[in-house]
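S.K.: So the protein lines, in turn, are chains E and Z. Here the first sequence is numbered in this note's numbering, starting from 32 and rising by one per residue. Here the second sequence is numbered in this note's numbering, starting from 2 and rising by one per residue.
These aren't lab readings, by the way, just hints derived from the structure by calculation. Nothing here was measured: the structure is a model prediction, and the numbers come from that model. Each hint can be trusted.
Pairs of lysine-lysine, BS3-like flavour, derived with a Cα cap of 27 Å:
id : chain 1 : residue 1 : chain 2 : residue 2
1  : E       : Lys-272   : E       : Lys-296
2  : Z       : Lys-18    : E       : Lys-207
3  : E       : Lys-148   : Z       : Lys-19
4  : E       : Lys-299   : Z       : Lys-137
5  : E       : Lys-129   : E       : Lys-272
6  : E       : Lys-296   : Z       : Lys-137
7  : Z       : Lys-18    : E       : Lys-148
Listed next, with one range per pair, are the computed distances between beta-carbon atoms:
id : chain 1 : residue 1 : chain 2 : residue 2 : range
8  : E       : Gly-57    : Z       : Phe-4     : 46 to 52 Å
9  : E       : His-290   : Z       : Cys-5     : 53 to 59 Å
10 : Z       : Glu-15    : E       : Asp-320   : 55 to 61 Å
11 : Z       : Asp-45    : E       : Lys-60    : 48 to 54 Å
12 : E       : Lys-389   : Z       : Thr-136   : 32 to 38 Å
13 : Z       : Asp-45    : E       : Arg-430   : 52 to 58 Å
14 : E       : Glu-72    : Z       : Leu-44    : 53 to 59 Å
15 : Z       : Lys-13    : E       : Arg-212   : 28 to 34 Å
16 : Z       : Cys-5     : E       : Glu-72    : 51 to 57 Å
17 : Z       : His-110   : E       : Lys-409   : 26 to 32 Å
18 : E       : Gly-293   : Z       : Cys-5     : 53 to 59 Å
19 : E       : Thr-315   : Z       : Asp-45    : 51 to 57 Å
20 : Z       : Asp-45    : E       : Ala-249   : 54 to 60 Å
Yeah, the Cβ is synthetic: ideal placement off N, Cα and C, and Gly gets one too.
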Amino acid sequence: MREVAIVSRKFAVENSHTLSVAQAHGAYKTLEKLHTLAPLEIIEIIKESGLRGKGGGGAPAGAKWALMPQESERPSFVVINCDESEPGTFKDRQIITKDPHLLIEGILITCYAVKAKHAYVYIRGEYAQYQDVLQGAVDEAYVAGILGEVDVTLHRGAGAYICGEKSALLESLEGKRGHPRLKPKQPEPEWYFGNPTLVNNVETIASVPFIMEHGAAAYRAYGTEKSPGTLLFAMSGHVEKPGVYEAEFGVSMMDYINHYGGGMKNGKKLKAVIPGGASTGVMTAAEADNVQLDYESLRSMGLSLGTGGMIVMDEDTCMVSVLKNLLEFYHEESCGQCTPCREGTGWVDKLVGKILDKRGSSEDIDKLLEVAETMNGKTICVFAPAVSAVIVSFLSRFRDEFEAAL
Amino acid sequence: MSFCFNDANVAKIEALKKRYPSAQALSLPCLWMVQYQEGYISLDAIDVIAEVTDTPAMEIYRVATFYTMFHLEPTTQKRVLVCKTLSCKLCGSDAVLEQLKKHDVLVEHVECLGSCGTAPVMQIDDVNYENLTPTKVDAIVEGLR
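Using the sequences and the accompanying hints, generate a full structural model.
M.R.: The structure is reproduced here in structure tokens:
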């Protein structure tokens, strides 16, 4: 497997969160070059690089940047999504603690390209200790004059998974409940208090300095044609060495798990993998044997790559209890705005609980799938459709375990 | 009991006002300040935040009750957040919960804390304690006194 460190290049450097160490290792070098290029030229480079959003959706970043107005009477804003709450995902916390200046450098490039003077970093409330590290870096950058013309403000969330959804995040940043907004029919920027706003994940923006320094082609030298570059993939669950390890898109899942994760814990056999955070569905060991880690490969299996945070489960794992655990999560975290989601997550949780307690009947499995169907496509955001897809992925692959529990 | 922001927080609020297009954006920062200052968020404090943010008190109450990390009731016990989501569950969070029953702390089962690679995890006073075992749990909780 080809080793690559684009976002994680300073992770192993001691005290790389401090400005002096970061600068000794090349931080902020691209800022000199920045003003030799026009904002639109930078957006063009990002488009050419094929950089895709790394918060789970994988939407092309350049196209999103291009939606921002270059001429506007209202101020433009950049918002960095550090609400990392998808179960199995713990990569952005590595960036803000191990190389926060890389993020700040990326923010400065992004703000220049979309003509924004102020960026907010929305950080989940549970990450207070990591937010302190990032705040330290921001403070140092202000003192050094790196920030000032452009402002960076850290904004702390308070425990709501849904705020990772970009429009819910903006509602929260406006001081409201984190309720997702209806999507516009045509492509347009996001809006923060009615001002044009770009929302990107931490890792997406932390990938920008490399592209600025080495060019779009250098980024495309990694990954696949449609999923260029790298991702901070991660592993948790039943592996020997769980953690975050950067790799290029397109590597084989099992090679990744064996190479970086040291294989299965205690020499057990693999049973199932959730490929990229709880909401991406589940695959069997046989499927994991034959899959590459890129957006298209996972999509072709009816699953998603998501954040690349794999949850690995061994042969002793009860899939009914795994689904129950995930449905408890969704029931707790549904924002409550749409009835099919608010009520549906409760019903599916109850039904799987009944099956787990061996009180279920085959009708309960049918009802479970029926409620899942009712939740799909009838809500404001993708939360309920994701829950629906998770249920279907478990039932289509491990139905025998559910039936055996009846 | 009425509520007043202390001087440090008043200064913080004035500085923050300059960083947002609208005062309403200060609702979460203000709720955090109240919680750190008082230990919980009282209805009196909500009235004060409503004035600071120029937002109806009911709206601030709606916000305060939406986010799970805000507490509207005081407690004398130490709050211990234990992650119960999948990676922690696979790696032994049940044993952590069992062990905590032996201690005089307020245990809250919470969803994913973002420590999946260092599971199981609990959080006390904003600090994560990772790769827990029952023995470690005892040592950490006893060290709190």
